[in-house]
Amino acid sequence: TLDRQGRLILTQMLTRRVARQELNGTITPLVSTFNGKKFNSPNDVVVKSDGSIFFTDPDFNIPGGAKNKELTFQGIYRISPSGTLSLLDSSLNKPNGICFSLDEKMLFVNESALDKIYVWDVVNDSTLTNKRLFYTIPGSRPNTDYVDGMKIDTAGNIYCTGPTGIWIVSPTEVLLGKIAVPVAPSNCNWGDADRKTLYIIGGNSLYRIRIDAA
Numbered sequence: 331t332l333d334r335q336g337r338l339i340l341t342q343m344l345t346r347r348v349a350r351q352e353l354n355g356t357i358t359p360l361v362s363t364f365n366g367k368k369f370n371s372p373n374d375v376v377v378k379s380d381g382s383i384f385f386t387d388p389d390f391n392i393p394g395g396a397k398n399k400e401l402t403f404q405g406i407y408r409i410s411p412s413g414t415l416s417l418l419d420s421s422l423n424k425p426n427g428i429c430f431s432l433d434e435k436m437l438f439v440n441e442s443a444l445d446k447i448y449v450w451d452v453v454n455d456s457t458l459t460n461k462r463l464f465y466t467i468p469g470s471r472p473n474t475d476y477v478d479g480m481k482i483d484t485a486g487n488i489y490c491t492g493p494t495g496i497w498i499v500s501p502t503e504v505l506l507g508k509i510a511v512p513v514a515p516s517n518c519n520w521g522d523a524d525r526k527t528l529y530i531i532g533g534n535s536l537y538r539i540r541i542d543a544a
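Residue 451 in the working numbering sits at position 121 of the sequence shown, with consecutive numbering throughout.
Incorrect hints may appear among the rest.
[Claimed, not checked] For lysine to aspartate or glutamate, the following DMTMM-like pairs were computed, each having C-alpha atoms within a straight-line distance of at most 20 angstroms:
#	residue 1	residue 2
1	Lys435	Asp445
2	Lys367	Asp389
3	Lys378	Asp451
4	Lys446	Glu503
5	Lys367	Glu400
6	Lys378	Asp433
7	Lys446	Asp419
8	Lys435	Glu400
9	Lys368	Glu400
10	Lys526	Asp542
11	Lys399	Asp419
12	Lys368	Asp389
13	Lys526	Asp483
14	Lys367	Asp333
15	Lys508	Asp445
16	Lys399	Asp389
I should point out that these hints are in silico values taken from the structure, not numbers from a laboratory. Since this is a predicted model, take the numbers as computed values, not measurements.
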């Protein structure tokens with residue numbers, strides 16, 4: 331994702347860190363450990379309007395396998411605008427896709443192990459409280475087909491990649507529909523000048539679709 335200065339924020343699984351690509355192309359590491367232990371494999375990230383960075387750290391794709399796991403949990407973290415790292419939640423099994431509500435008062439994170447989307451209230455812009463289940467994505471779950479990246483549209487609907495496509499869920503937890511994708515989608519994001527084209531990645535492919543209602 332991009333920060334407020336247009337710099338690319340990266341979750342780098344192989345180096346087990348979160349980094350930033352500067353406007354001149356150089357890479358600045360931001361965080362790589364928590365309490366002296368390496369992250370599992372940082373996976374997805376969102377930047378809040380105050381410049382703070384929220385990211386997930388599931389334990390799949392740890393370089394070298396499970397024997398190299400140093401943390402006993404899989405966390406949701408925040409990097410403050412000043413660079414301070416905080417652990418916000420450690421209750422999920424494979425936390426993955428992450429996004430804010432439109433007013434940034436709620437944080438959504440999905441759990442790949444169970445195909446569930448959870449939501450928390452964001453307190454003082456920096457802590458999470460009142461965890462609750464938002465929605466469970468239905469469908470079969472082959473090993474390579476699970477909830478993954480997640481975004482929100484201008485109406486507050488959640489677009490969650492998952493089994494057989496992208497599932498669209500309203501703010502009132504109603505399933506609005508599904509965008510069928512030929513391969514298991516892994517992430518998506520809004521693009522074009524009006525931000526109404528959804529770009530989707532899956533496997534070795536890139537897709538796009540116009541969402542006129544978004």
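Going down the list of hints, with the structure as the test:
Pair hint Lys435 plus Asp445 does not hold up; C-alpha atoms about 23 angstroms apart against a cutoff of 20 angstroms. For a cut-off of 20 angstroms, the pair hint linking Lys367 to Asp389 stands: about 13 angstroms separates their Cα positions. Restraint check for Lys378 and Asp451: the C-alpha separation of about 14 angstroms stays at or below 20 angstroms, so the hint holds. Between Lys446 and Glu503, the direct Cα distance comes to roughly 12 angstroms. Compliance with the 20 angstroms bound is thereby established for this hinted pair.
The suggested pairing of Lys367 with Glu400 holds, with an alpha-carbon distance near 6 angstroms, which does not exceed 20 angstroms. Annotation: proposed proximity of Lys378 to Asp433 holds, straight-line Cα distance about 10 angstroms (limit 20 angstroms). With a C-alpha separation of about 16 angstroms, the suggested pair Lys446 and Asp419 falls inside the 20 angstroms cut-off, and the hint holds. A C-alpha spacing of about 32 angstroms is found between Lys435 and Glu400, which places the hinted pair above 20 angstroms, so the restraint is violated.
Between Lys368 and Glu400 the CA atoms are separated by roughly 6 angstroms; this keeps the pair inside 20 angstroms, and the hint holds. A hinted pair counts as satisfied when its Cα atoms are at most 20 angstroms apart, and Lys526 with Asp542 qualifies at roughly 6 angstroms. The straight-line distance between the Cα atoms of Lys399 and Asp419 is roughly 18 angstroms, inside the 20 angstroms bound, and the hint therefore holds. Distance restraint check for Lys368 and Asp389: the Cα-Cα separation of roughly 11 angstroms lies within the 20 angstroms cut-off, and the hinted pair is therefore satisfied.
With a CA separation close to 8 angstroms, the supplied pair Lys526 and Asp483 stays within the 20 angstroms bound. With a C-alpha separation of about 26 angstroms, the suggested pair Lys367 and Asp333 falls outside the 20 angstroms cut-off, and the hint is violated. Taking the CA atoms of Lys508 and Asp445, the gap is near 15 angstroms; set against the 20 angstroms cutoff, the hint holds. Proposed proximity of Lys399 and Asp389 is supported: the alpha carbons are some 8 angstroms apart, at most 20 angstroms.
The structure does not agree with the numbered hints 1, 8 and 14 stated previously, though it agrees with the rest.
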